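S.K.: Chains as they are written, first to last, in our numbering: chain A, 53 to 187; chain B, 83 to 700; chain C, 394 to 468.
Since the hints were made in silico from the structure, they are not lab data.
This one's a predicted model, so the numbers in the text were calculated from it and none came from an experiment.
Don't be surprised by glycine CBs; every beta carbon is placed ideally from N, CA and C.
Where hints are given, some of them may not hold.
If we take Cβ atoms under 8 Å as the criterion, some of the chain A residues that face chain B in the derived model are [said to hold, decoys possible]:
1. T77
2. R83
3. H84
4. L96
Using 25 Å as the maximum straight-line C-alpha spacing, the simulated BS3-like pairs for lysine-lysine come out as follows [unchecked claim]:
5. K93/A with K320/B
6. K320/B with K399/C
7. K156/A with K134/A
8. K122/A with K134/A
9. K156/A with K288/B
10. K168/A with K156/A
11. K76/A with K288/B
12. K320/B with K382/B
13. K423/B with K382/B
14. K76/A with K307/B
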Amino acid sequence: MRLYVDASLCTECRLCQLACSFEKTGAFNPRHGLLRIDVRKSGLISEPIVCVQCENPLCVRACVVGAITKGDDGVVVIAPDKCVGCGRCAEACLHDVIVMQEKKARKCDLCNGSPKCVAACPTRALRIVEEVSQG
Amino acid sequence: MKGYMGKILFVDLTSRTHWERDLPDSMPGALIGGKGFGIKLLYDLLPPGTDPLDPANPLVFVSGPLTGTSAPSMRGCLVSKAPLNGMFDDSYFGGHFIQEVKYAGYDAIVVIGKAYSPVYLVISDDRVEFRDAAHLWGLDTYETCNSVKAGLGDAMFRVCCIGPAGENLVKFALVDFEPHRQAGRGGLGAVFGSKNLKAVAVRGDKGIEVAYPESFTEVVSQAHKELADSGDTQEFAKCSSVSLLPFSNEFGFLPVRNFQDGSTAQAESMNAAAHESRVWMRHWACAGCPIHCGKMGMIKRGPYAGAICDNVEYESVGLIGGNLAVNSVEAMAFINQTCDKLGLDTISTGGVVGFAIEAYERGLIDEASIGGLPLSFGDHKSILELIHQIAHREGLGDLLADGVVKAAEGLGNGTSGFACAIQGLETPAWGPRGSAGMGLAYITGDRGGCHQRGFPIGYETSGSWPKGEMADGWRLDGKGELVSWEQNLLAALYSLTICEFGRSGISYDTYRSMLAAATGLSLSEEEFLLVGERIWNLIRLFNLREGWTQDQAGVPQRFKEALPSGVMKGHAFSDEDIAALLEQYNAARGWDDSGRPTSRTLGRLRVDELMEPLFEGK
Amino acid sequence: MVVNVKIHGTLKDAATNSCDRVELAEGATVSDLLAAVGLGCRTPALVIADGRAVGPSDCLADGSQVSIFARVSGG
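In isolation and in its complexed conformation, chain A is listed as follows:
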């Protein structure tokens, strides 16, 4: 399972980021959401940038304390108790969607299978796709 983005439908309303920040921090600030929106071409385009749970997650490889793992379900998660807040994973992230806050790294974990950002998106620019196993 992963997030699918159709940027042509994104309106830049940031309800996804607000929902994410509220879910993960208990407070609203889009900057604390674990996805971002890239605005280009004089505002003609706004593209949500999400964690795609990489096949070869550079964040996992960047972590020196083994705090980041890719599970059987394909979801890449950070164990907060192991994270030392060095920020290497955020540096290595392909899409710049790892957020450093209060000396801990945080990333998208797909909210245990029901991502709040998808539920909050009013235009279906964000969706969930079930991936066929590459097995």
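Given the coordinates of chain A, work out where chains B and C should sit on it, guided by the hints.
M.R.: Just chains B and C now, kept in the frame of chain A:
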């Protein structure tokens, strides 16, 4: 209290200092936020009788308790004394700026003083920097915003700024909030200019907490559902506000050729379908808003091809397409964008340019003063040239830059009769003829003749309002009660900094429930309306203090003559109507004949308790 | 009888019959017209017939000019 950040930031441009004050505990319950905090701060901080362009006139950016959360469709509010008409001015803006003010930790930012030379402010959480803006002075709003952001290296800074019009103290200069939203009315851009303030950039790392997270989530979902289920809202979502055009055109409310008419045969070429097929490409929304009334697009044909632009709102379609008879969607979009870039309010600009064209056609402007410009309705080239002249105060533009009332005084020769402004504010795209309610809202509006301080047209044409039946538009009965009720309601809703388009779907109960869940402030319907009435009375006291009188309503002769076409054909807004409506209205409000709140009314609303200044010194 | 109808905005998409001319029985009301154009189950904010706002039970006349608007909130 949750929902609020609990602090107000003060910035003094003269001394280049800044300081914080705690939000007084009494403020949320008494005034909620937004409009309420705005008038209280302005009432306290403006030395009585101060000129709007004096350094002592404060600029107040205000949020509401729901701003920056997932509560749908909240805006920001910019408050100051208006350069255009000297009244209280609260101008609301969408976008993402005010949310960052809260994330930086403030419910409001107050800017006073005047910088020695052009500056821009950079606010990042509790750090405030005064940066030299010499390289930005003269740039348009788009260039300024891009330049400021590029220099900051963080795309999530949010910027507001003025264009050349604000620098040149044009009395209807706007403040532009990137990317496509404006605080348009009343000339607040000139207040920026008078302070040598070119731009403000802000970002913040703080999160906004709410009092009852679970019920907040629930009631926000309810608000989203109401928006999705509302035919009104879905109309805005699909077609933006220009969807109102066929209605106003059919009734005769549309400004056509400086309000000489109220409808046009060209409406079809300017409607939503025309914009959608020729310019729009995708939906765009303000922060936290599911409606996405904004449309991003590109001009693909003709002399302005290649420009990437946002949609032209109904008001601007009315004032450019109707009032200036520029029927081409492309030319309209380009003029709209040019106004945004130069930093001019499109409503007032359409008003003054329409006035100038009519005056020229009637031979009341001599050729020499317009430098050979072939002014005529529909000629977008000469209209664009005149708009540039206004922004730079060149030639005839210098006279027009002071607004249509002053321009008519300057020209004389009876031009005041078709200077279409009420209480000094150029009339928006809803002519008052055939809607006594709208006319009354214009002559009693707290910032002048504005359509967003009461919009009785909807109730009059549908024949009902929340308290029962409503008389037809041209009739006077019940209008005093209707207008004062809606003004109070809107004042309460604007204290939450709501957007009108959100209000088209979200019920008043749900707004109050969101307020309660976010802050713990639980207000009954009556208490909520009472806050609105309190705010409205406090603003009237402010306007009276600053020299406003009821005789200033200044309805031009044009609106007193019969409307030539549309459903409301033959109706006018006569002196007799005005006198009768004011009598009804003042009685409904508990005000005396001159429009002054009586001491009994002020006591009932506990406005007297708000007279003590909140802050002493720095 | 025949009435001339203009449907505005998104109601145009919702209507099943967007003909300019609609054939109705003599004495038909506004709600008969709404049913005939497929808007019977929705409640448009405003129907204007021959320049006047009308309600669901008002009768229409042959040749009436009718405009149907989705809403009239302020902008």
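S.K.: Next step is simple, just say for each hint if it's right about the structure.
M.R.: These are the hints, each one checked on the structure:
1. T77: Interface hint status for T77/A: holds (6 Å vs cutoff 8 Å).
2. R83: Interface hint status for R83/A: holds (6 Å vs cutoff 8 Å).
3. H84: holds (6 Å)
4. L96: Status holds, d = 5 Å.
5. K93/A with K320/B: holds (23 Å)
6. K320/B with K399/C: holds (19 Å)
7. K156/A with K134/A: Holds: K156/A and K134/A sit about 10 Å apart, inside 25 Å.
8. K122/A with K134/A: holds (15 Å)
9. K156/A with K288/B: holds (16 Å)
10. K168/A with K156/A: holds (21 Å)
11. K76/A with K288/B: Holds, at roughly 14 Å.
12. K320/B with K382/B: holds (21 Å)
13. K423/B with K382/B: Distance of about 20 Å is within 25 Å: holds.
14. K76/A with K307/B: Judged against 25 Å, a Cα distance of about 24 Å means the pair holds.
The structure meets every hint from the earlier list without exception.
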